[in-house]
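Student: Could you put the whole structure together from the sequences, leaning on the hints where they help?
Number of protein chains: 2
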Amino acid sequence: METNVKNGVNKFKELVANQGELTEFLEKYPTVEVAEMIEDLDTGDMLHCLDLLPPERQGAIFSELQMTRQLSFFQQVSKKRFAPIFEHMYSDHRADLFQHFTQQEKTAILPFLSGEVRENVIHLSAYDPETAGGIMSTDFTAIREDLSCRQAIEQIRSSSTKNLIYYVYVVDENMRLLGFASLKDIIMADPSTMVREIYHREFAYSMVEEDREEVAKKVEKYDLVAIPVLNSENQLIGLVHHDDALEVIRAEHTEDMEKFMGIVPGDEILDYNQTSTFGHFRKRVVWLSLLAVLGVISGIIIHSFEETLATLIILAMYIPMVADTGGNAGSQAATVVIRALALGQLKLADWLRIIWKEARIAFLLAIVLGIIAYGKVLWLSWNTHIPPEYDLFFLAFGISLALSFQVITSTVVGACLPLVVKRFGGDPAVAASPAITTTVDITGLLIYFGIAMMLFF
Amino acid sequence: METNVKNGVNKFKELVANQGELTEFLEKYPTVEVAEMIEDLDTGDMLHCLDLLPPERQGAIFSELQMTRQLSFFQQVSKKRFAPIFEHMYSDHRADLFQHFTQQEKTAILPFLSGEVRENVIHLSAYDPETAGGIMSTDFTAIREDLSCRQAIEQIRSSSTKNLIYYVYVVDENMRLLGFASLKDIIMADPSTMVREIYHREFAYSMVEEDREEVAKKVEKYDLVAIPVLNSENQLIGLVHHDDALEVIRAEHTEDMEKFMGIVPGDEILDYNQTSTFGHFRKRVVWLSLLAVLGVISGIIIHSFEETLATLIILAMYIPMVADTGGNAGSQAATVVIRALALGQLKLADWLRIIWKEARIAFLLAIVLGIIAYGKVLWLSWNTHIPPEYDLFFLAFGISLALSFQVITSTVVGACLPLVVKRFGGDPAVAASPAITTTVDITGLLIYFGIAMMLFF
Numbered sequence: 144m145e146t147n148v149k150n151g152v153n154k155f156k157e158l159v160a161n162q163g164e165l166t167e168f169l170e171k172y173p174t175v176e177v178a179e180m181i182e183d184l185d186t187g188d189m190l191h192c193l194d195l196l197p198p199e200r201q202g203a204i205f206s207e208l209q210m211t212r213q214l215s216f217f218q219q220v221s222k223k224r225f226a227p228i229f230e231h232m233y234s235d236h237r238a239d240l241f242q243h244f245t246q247q248e249k250t251a252i253l254p255f256l257s258g259e260v261r262e263n264v265i266h267l268s269a270y271d272p273e274t275a276g277g278i279m280s281t282d283f284t285a286i287r288e289d290l291s292c293r294q295a296i297e298q299i300r301s302s303s304t305k306n307l308i309y310y311v312y313v314v315d316e317n318m319r320l321l322g323f324a325s326l327k328d329i330i331m332a333d334p335s336t337m338v339r340e341i342y343h344r345e346f347a348y349s350m351v352e353e354d355r356e357e358v359a360k361k362v363e364k365y366d367l368v369a370i371p372v373l374n375s376e377n378q379l380i381g382l383v384h385h386d387d388a389l390e391v392i393r394a395e396h397t398e399d400m401e402k403f404m405g406i407v408p409g410d411e412i413l414d415y416n417q418t419s420t421f422g423h424f425r426k427r428v429v430w431l432s433l434l435a436v437l438g439v440i441s442g443i444i445i446h447s448f449e450e451t452l453a454t455l456i457i458l459a460m461y462i463p464m465v466a467d468t469g470g471n472a473g474s475q476a477a478t479v480v481i482r483a484l485a486l487g488q489l490k491l492a493d494w495l496r497i498i499w500k501e502a503r504i505a506f507l508l509a510i511v512l513g514i515i516a517y518g519k520v521l522w523l524s525w526n527t528h529i530p531p532e533y534d535l536f537f538l539a540f541g542i543s544l545a546l547s548f549q550v551i552t553s554t555v556v557g558a559c560l561p562l563v564v565k566r567f568g569g570d571p572a573v574a575a576s577p578a579i580t581t582t583v584d585i586t587g588l589l590i591y592f593g594i595a596m597m598l599f600f
Numbered sequence: 144m145e146t147n148v149k150n151g152v153n154k155f156k157e158l159v160a161n162q163g164e165l166t167e168f169l170e171k172y173p174t175v176e177v178a179e180m181i182e183d184l185d186t187g188d189m190l191h192c193l194d195l196l197p198p199e200r201q202g203a204i205f206s207e208l209q210m211t212r213q214l215s216f217f218q219q220v221s222k223k224r225f226a227p228i229f230e231h232m233y234s235d236h237r238a239d240l241f242q243h244f245t246q247q248e249k250t251a252i253l254p255f256l257s258g259e260v261r262e263n264v265i266h267l268s269a270y271d272p273e274t275a276g277g278i279m280s281t282d283f284t285a286i287r288e289d290l291s292c293r294q295a296i297e298q299i300r301s302s303s304t305k306n307l308i309y310y311v312y313v314v315d316e317n318m319r320l321l322g323f324a325s326l327k328d329i330i331m332a333d334p335s336t337m338v339r340e341i342y343h344r345e346f347a348y349s350m351v352e353e354d355r356e357e358v359a360k361k362v363e364k365y366d367l368v369a370i371p372v373l374n375s376e377n378q379l380i381g382l383v384h385h386d387d388a389l390e391v392i393r394a395e396h397t398e399d400m401e402k403f404m405g406i407v408p409g410d411e412i413l414d415y416n417q418t419s420t421f422g423h424f425r426k427r428v429v430w431l432s433l434l435a436v437l438g439v440i441s442g443i444i445i446h447s448f449e450e451t452l453a454t455l456i457i458l459a460m461y462i463p464m465v466a467d468t469g470g471n472a473g474s475q476a477a478t479v480v481i482r483a484l485a486l487g488q489l490k491l492a493d494w495l496r497i498i499w500k501e502a503r504i505a506f507l508l509a510i511v512l513g514i515i516a517y518g519k520v521l522w523l524s525w526n527t528h529i530p531p532e533y534d535l536f537f538l539a540f541g542i543s544l545a546l547s548f549q550v551i552t553s554t555v556v557g558a559c560l561p562l563v564v565k566r567f568g569g570d571p572a573v574a575a576s577p578a579i580t581t582t583v584d585i586t587g588l589l590i591y592f593g594i595a596m597m598l599f600f
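Top to bottom, those sequences are chains S and U. Count the first sequence with the working numbering and you get residues 144 to 600, in order. Count the second sequence with the working numbering and you get residues 144 to 600, in order.
Please keep in mind that the hints were generated in silico from the structure rather than gathered at the bench. Among these hints, one or two may not hold up.
Treat identical chains as interchangeable: a pair holds within one or across any two.
To be verified - In silico EDC-like links for lysine to aspartate or glutamate, alpha-carbon gap of 16 Å or less:
| no. | residue 1 | residue 2 |
| --- | --- | --- |
| 1 | K361 | E179 |
| 2 | K223 | E248 |
| 3 | K360 | D386 |
| 4 | K490 | D414 |
| 5 | K223 | D194 |
| 6 | K360 | E230 |
| 7 | K364 | D386 |
| 8 | K361 | E390 |
| 9 | K361 | E395 |
Tutor: What follows is the structure, encoded as structure tokens:
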């Protein structure tokens, strides 16, 4: 298909000039691909292409364009010309776009819309984008339980839904959701069978104000193609489709990784290219500055051992090694715990078991890394100036012992930090790698100088 | 639904003793939830529950259990008793389970299976689990284009597919895929219309040996409920469903984060609890050891400036600060670039533009962090012993200047490393945070001592 798109784009350019062939061409390709092809055209050409197609398809293709392209298109054509395209967009994409309009733009487009669409847009854009209401579509097929399957099929055939139909929802006279039937159930049943006899009465659903991540998790858990969205009266008001759920999961993934690296995620996940240099700077500077300020604690510890370092300059030279190894081990442990929490494999209540397991893992790591450190110190510092009363083998032993302790401490701290953040209601992912590095720097220095003072002074 | 499960589990325990009520209860709940409820029962009780249900449902519920539970169940019941459950599992889950059997177990179960199932299992388990073939289901509905819609519906009704049907696939006499129609298309059309007149001839598809991540991306891009899988003859041999695609995306997410933190991902994403202490250790020790060995380079640089450090001990005390800040800035840049590459927002060819953008971002960061560092040095080292020929203000200037240069270098290096790895065919995520820390430690030390030598000696 990918190569199709490439060939398509070339072919396409030839055709833009040629009306008849172009129409045929645009009709043949899948919606997403046509959207990709026309994305980069200027607004005049795009309008020209859309005009060749029936309004439903115009709306579908326009829905698949990038938000920024939708906005620029909207700003370049007359409201009157834009209204029919807007009316035929998918309801969830339409509400999304509407929310990106300025107040003035909103007021300008509304008069050109039919009463039904106007109401729908205002209704949908009132929901918080982070909730089920914010990502739901209002395009669904509902039937009553006192129909026969034959009547149900008639009703489905006469409905005007734009989306594919997978499930038909069974509601009572007040639109309260009673259950659902798949299209297959209805077709497979004898046409005279009543819907009442075949529909499923147990079903997964979301409340309209539910967090969109929770909604996505339900779609995933129950392997659903769409999940019904209910209001507080248990009335069916929309559907969240599997592809919207997937988009949420992708966005959360990006948010997790960004949080984990100490990047402040925006309200909206913006494209790398669309974010300005200053926008990128703003997202990164917060944590970096905070960590630089927190680094003062490490500075104070190092300064209080100034004389120790002056006597044994070799000790100063191994601070970075101990700090780095601790940071790496701690980040690994945090990553594993954060993922296991996110996937529901671990719960807060397991904290004691987690710490115990991490401690054992850390013990094994400490042995291996301690031995490597011992060898490194002997090799690197073979010719280093050491005061005559000290012995290099004993110094190497002390430094690698400190490193081993540091590996154990930072692994356990790395595993605990996400748990602590979660305990206090935060997102474990903010127990970010840089945060762990800075935390274990402090424990590392205390261990390092503690052991040095005990063994060497 | 979640609270339903909890109530369910309690109610459920009461019922296990009570046959009739239990059957009714098990029939009512969704498959996934019944699987959750019986997961922790011992094998005898689980078998007892399954026996109350029709074989199709036994297979569906058993498919939803964790792999380890499936295996332990299999090992505890007779092969003869297990065969009908196994035969009614979803074909993709069944092939998965089969691949987890020992050679002996495989040989033991095969004679109890019907010829058709036996062939299907052997066929499916021959595919690499990382490909479309490894995650596809063979349960689909194919029709010929010379049927009328009425005949098509008849054929769908008589088919024995276990899954929900969303699309019906149109094939020629050699099972080569020609196109598809949604169930809605067929129902909406006049019953006498020929399938030939309504089916879609442009469609997305996967080849059987295609990487499963690519397949998942196509499902996502085209908002598909299922994507057809073709062999090299373009014959339709299976489907990858949206829920399997979602599972792949989740798994890749975990793999990304693990790689990013220098954890060696296993062939299979195992549960935190199911992985042994030694298993966790093995996944983490490789990178940690490698980095420790690479750290030798930093060690050599530090040692070659031993005399410098002995003269100006204050320089030794700020090495960790410069190294940490560089590591953090580099990790951030790498995270952003890795994500943008994964989401297709950036391409390799954009490398010059990326570097230029990152350099500008880094310049802004360098100013802010340089000022903070200058303040820190002045404050922390106010009473530090400095040789009389040196001035603290000038030393602070040099140290913070080095830190600023280091922020710029490590941001650019952090952005480039994933590009370089991708260029040479690797997964950008292995340009992992610890790898960046270790790399920029080296550049950081060179910058630090370079500036120190220029300004202070």
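Student: Now look at each hint and say whether the structure bears it out.
Tutor: Checked hints:
{"no.": "1", "hint": "K361 <-> E179", "result": "between (31 Å within a copy, 14 Å between copies)"}
{"no.": "2", "hint": "K223 <-> E248", "result": "within (13 Å within a copy, 70 Å between copies)"}
{"no.": "3", "hint": "K360 <-> D386", "result": "both (13 Å within a copy, 11 Å between copies)"}
{"no.": "4", "hint": "K490 <-> D414", "result": "between (34 Å within a copy, 13 Å between copies)"}
{"no.": "5", "hint": "K223 <-> D194", "result": "within (14 Å within a copy, 65 Å between copies)"}
{"no.": "6", "hint": "K360 <-> E230", "result": "neither (31 Å within a copy, 29 Å between copies)"}
{"no.": "7", "hint": "K364 <-> D386", "result": "both (14 Å within a copy, 9 Å between copies)"}
{"no.": "8", "hint": "K361 <-> E390", "result": "both (14 Å within a copy, 13 Å between copies)"}
{"no.": "9", "hint": "K361 <-> E395", "result": "within (15 Å within a copy, 20 Å between copies)"}
The structure fails hint 6 only (numbered hints given earlier).
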